[in-house]
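Protein chains in written order, with numbering that gives the first Met the number 0: chain A, 0 to 280; chain B, 0 to 254; chain C, 0 to 306.
Derived from the structure by calculation, the hints contain no laboratory data.
This one's a predicted model, so the numbers in the text were calculated from it and none came from an experiment.
You may find that some hints are simply not true.
[To be verified] Restricting the straight-line Cα-Cα distance to at most 27 Å, the calculated cross-link-like pairs of lysine-lysine (DSSO-like) are: (1) A/Lys220 with A/Lys25; (2) A/Lys84 with A/Lys134; (3) A/Lys84 with B/Lys40; (4) A/Lys124 with A/Lys186; (5) A/Lys25 with B/Lys86; (6) A/Lys123 with A/Lys84.
[Unchecked claim] Reference listing, derived: stretches of chain C covered by chain B, where coverage requires no fewer than 3 residues with Cβ under 8 Å from a Cβ of chain B: (7) 99 to 111; (8) 266 to 279.
Yeah, the Cβ is synthetic: ideal placement off N, Cα and C, and Gly gets one too.
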Amino acid sequence: MNQAQAKQARGGISIRNVSKIYDPEKTAVAAVLDCSIEIAPGELHVICGPSGCGKTTLLNAIAGFHSITSGEIYLDGELLCGPGKPQATPGADRVVVFQNGALFPWKTVLDNITYGPVIQGRMKKEEARDVARDKMVMAGLSGLENSYPGELSSGMARRVEIVRALVNDPAVLLLDEPFRGMDDLTKSIMHESLLEIYDQTQVTFFVITHDVEEAVFLGSKVSVMTTRPGRIKESITVDISRPRDYRVLTTDGFRGLMGEVVDAVHDEAQKAFEAGEREIA
Amino acid sequence: MLTGFALFFSIWLLAVDVFQFWRFRYMPGLAEVVEEWTARKPQYGISLFTSEYYSHIWVSTRRVLIAFTFALGLGVPLGLIMGWYVKFKEFTFPVFETLRPIPILAWVPLAILMFSSEEGPVIYLTFLSAFFATTLNALLGVQSIDRDLVRAAYCLGSSRADVFRHVVIPGAMPYVFIGLQIAMGVAWFSLVAGEMIAGRFGLGYLVNTAYTTARYPTIVIAMFTLGFIGWLTSALIRMVGNRLMQYRARVLSTG
Amino acid sequence: MSADTMATAGTTQELGQSSPFGSPGAPGGGSKGGLARFRESVGTTSLVRGVIGMVVFVVFWEVATRLDEWAGVSVPFLARLPPPSSVVEAFFDLLGTGGFWQSAYLSFARVMWGFGVAMAVGIPFGLLMAVSKTAKAICFPPFELLRPIPPLAWVPAAIIFWPTPELSITFVTFLGAFFTVVINTVGGAEQIDRRFLLAARSMGASKRTIFRKVLLPATLPSIATGAVVGMGITWQVVVAAEMISGGGQGGSTGAGGGLGFLIWNSYLGGAIPHVVVGMIGLGVAGYLSSTAVRILSVKLMPWRRAT
C-alpha cells in the first residue's frame, strides 16, 4: 500500500458492544448499553438521538474523557479502550470540537490554532503560524489572527475551533453538537462550510446531533440512538452524492431519507420527553 | 454624586460643630479636622506638612507590602496546586479549613512567641489573613475553569504540565485577582489591628495613640488616610489585573 | 468499612476524580439519587486522606515544639509554641470552668447583636440603593468613602461616641459586617436579569409586587453570600475589639470580657496552652456560625437545590 493509500485508510473506528454504566456496584445507571458501530476511514458518520440518550458518552469514550464499562473501541485496528484498558488516552489523533466552544479565551485565534502542533513539538512556532494562516484563509477566517475568542461570533468561533483541530492532522474529528444553539441561517452556512472542509480532507468526521435534518444533510451514514440507556436502533446510509449544497434539502431522495430517520427517532424523542431527560449541558 | 459627599460632610458639620447633637459634641468636628490636616504647624502634630505623617504612612505600607508579597508568593501557587492536584487537596484542605476560621487577632500571642523582632508579629498577622484569602481564591479559580478547556488541551496533545501552564494558570487568573483584592483589604484590616495591639509606629498605632493622648482630630486624619491608601492599593491590583487579562475587556458587546 | 467497598471507592475515584476531566455525571434527571450515592462512595477516600493530613499536622506540631525538650534542638520560630499535648490538657481544664463558657457566651452575644443589626440595617439600605437611583447617588459616595476604613480604626471614635464600652464594641462589630452586607445586596440586586423584571411587568405586576416577588428573591443569593462573609468578619472584629478595648465589662480575672479578652489575659498570665484552646474555640464558633447562616440561607432558597 503506497503512502497516499495508507494515509487514506486512516480513521476507521470500530465500536463493539460498548456499554457505560455509572456506579456499577450499587445503582448501576446505564448511559450506553451494548452499542456497536463500524465507521469506515474518511466517513462522515452522524449519531442522531434525543436529549440525554448517551451520544456524548460515546464521543467522550472515543476521545478518552471517560472510561467504558465493557466492550472495545478500535481505531485503525489498534485498541483505544477495552478490557484491561477501560479509558482511552486523549490525543491529537482524535481531536474534539466541543458543544459550547472550547477556544482558550486568553489566547488569540492564531495562538489557539498553533497550540496543538507547537505543544506536541511537531512544528516550531513560526512554521505553525504560517500553516495556521494558510488554513485560516481556506476557511474564510483571514484577518482574525489577533482577535480573542470573546470577540468572535459563534459561527466564526466554531470555525476557528474546527481549524484548530484539523491543523493537527488527526485521524478522526469528533464534533459534539457543534452547531447547537445557533440560529437556522448561521447553521445552514456552517453546514455548507463544514462539508467544504470535509471534502478537502481525508479525515473521518464523527458528529453528534439531535437535529435530524442536519444529520441527513451532513452524514454519509446516520446511526439512530435510542433514549437512555442508549442503544443503536438503526443505521441509515445516506447515498446522496457529494458535494452537497442546500438545494439537496428539497429533493425527494433527501426527504425520503429524513422520513426514515424521523420515524426511527420520534418514538425515542417521545420517551425521552416523558422521562424528563435533560441534556448534560 | 457630589450631592452625596456634600450631604455627608454637611451632616457631620451640623451634628458636631453646629447643633452639638447628643454624643456628637464629643466628636472632632469637620472644620477642626480639615484645619489640623492642612496646617503647617498642626496643634496635635500630624498634618500634610509634617514628616511624621508620612513616616507613619510608609511604615504601615511597607508592612503590608512585605506581608502581601509573601501571601501572594505562597498562596497563589499553593491554591493552584490544591485546585489541580485533587489528591494533594484532599490531604491538605482540612487542615487549611480548620486554621482559616480562627480570627487573625487570636494569633497575636502566638505571633509574639514566634517572632522575637518587633515587626515580625504584625507582618505575620497581616500575611496570615492575606494568605488565606489568596489561597482560597486561587483554589476556587482552578475549580471554576470550564472542564472542556482542559479536555480540549489534552486532545490537542498536551501533557499534564502543559495543561497546568497553558490552561490552569491563565484560567484561574480572574479569580486569583479577585482574591488578591480581597487579600489586600483584609491585609489592611489585620495590619491596623496588629498595630493597635502590638506595634510601634504606623497608622493603626497612630489611631490608638492619638486616642490615648486625646488628640481627636488626628484620629480622624489617620482613619481617612487608612481608607484612602487601602482603596488605592486595591485599585492598583485591579488595574494590574485588567492589564494582564485584556482579553476580558474585548468581549463582543452584543447580547 | 470492608476492604471490598474501599477498593471500589478507590477505583471509581481513579477514573472519576483524580482524572482532571471529571465525569460528566449520569445523564437524565431521574438518576439524581444514583449520582448522589455515587458521589458518597467517592467521599470516603477523601475523608481518610483528610484525616491523615490532620494527623500529620498534629504530629509535626508536637515534634517541632517538643524537640528542644527531647533532643536539645530548638526549631526556629516554633520552639516556644505550646505542644498539642499541653493544649489538650488545658482543654479539659478550661472547659470545666464557668469562666470559659461565660466568655464564649459574651463573645457570641456581641457577634449576634452586631451581625443582627448589620443585617437589619444593611439589607434595607442596600435594597434602597438598588431600587432608587436618587438614593444611590446620594448615599453611595459617602458609603464608598467610609468603606475602605478598617473597622478597627473606628474603635477610638466609637469609644468616644458611645456611652458604654459594650455599645462601642457592638458598633464596631456592626460596621464590619454592615459594609459587606450592603455591597453584596446592591451588587446582587443590580445583577438581576432584566428579563425577570420585564416579565413581571408584562404580566401586570405593580412596583410593589415586583419588589416583593421578583427583586427580593432574586437578590437572596447575594444577600446570603454577604451574610456568610459578614459573619466571618464579625467574629474577626469582635475578637480584635475585645483584645483592644480590654474586654468591656470583664474584670481582670478573665471571667468575663469575651474570648478575645480571655486569650489576651491568658497570654499575659503565661498560660499559653489556654491561648490555643481559646483560638480553637473561636475557630469552631466561627465555623459553626457561618455554617448556620449558610444552612439557613439554603432553606430560604429552595429553588437552589438543583445547583
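Evaluated hints:
For the hint pairing A/Lys220 with A/Lys25, the CA-to-CA distance comes to about 37 Å; that exceeds 27 Å, so the pair is violated. For a cut-off of 27 Å, the pair hint linking A/Lys84 to A/Lys134 is broken: about 36 Å separates their Cα positions. For the suggested pair A/Lys84 and B/Lys40, the alpha carbons sit about 82 Å apart, so the restraint of at most 27 Å is broken. As the CA atoms of A/Lys124 and A/Lys186 are separated by approximately 33 Å, the hinted pair breaks the 27 Å bound.
Straight-line distance between C-alpha atoms of A/Lys25 and B/Lys86 comes to about 24 Å, which keeps the hinted pair within the 27 Å bound. Taking the CA atoms of A/Lys123 and A/Lys84, the gap is near 34 Å; set against the 27 Å cutoff, the hint is violated. For the stretch 99 to 111 of chain C, the assignment as covered by chain B is violated, since 0 residues bring a beta-carbon within under 8 Å of that chain's beta-carbons and 3 are needed. Counting residues of the stretch 266 to 279 of chain C whose C-beta lies closer than 8 Å to any C-beta of chain B gives 7; at least three are required, and the coverage claim holds.
The earlier numbered hints that this structure contradicts are 1, 2, 3, 4, 6 and 7.
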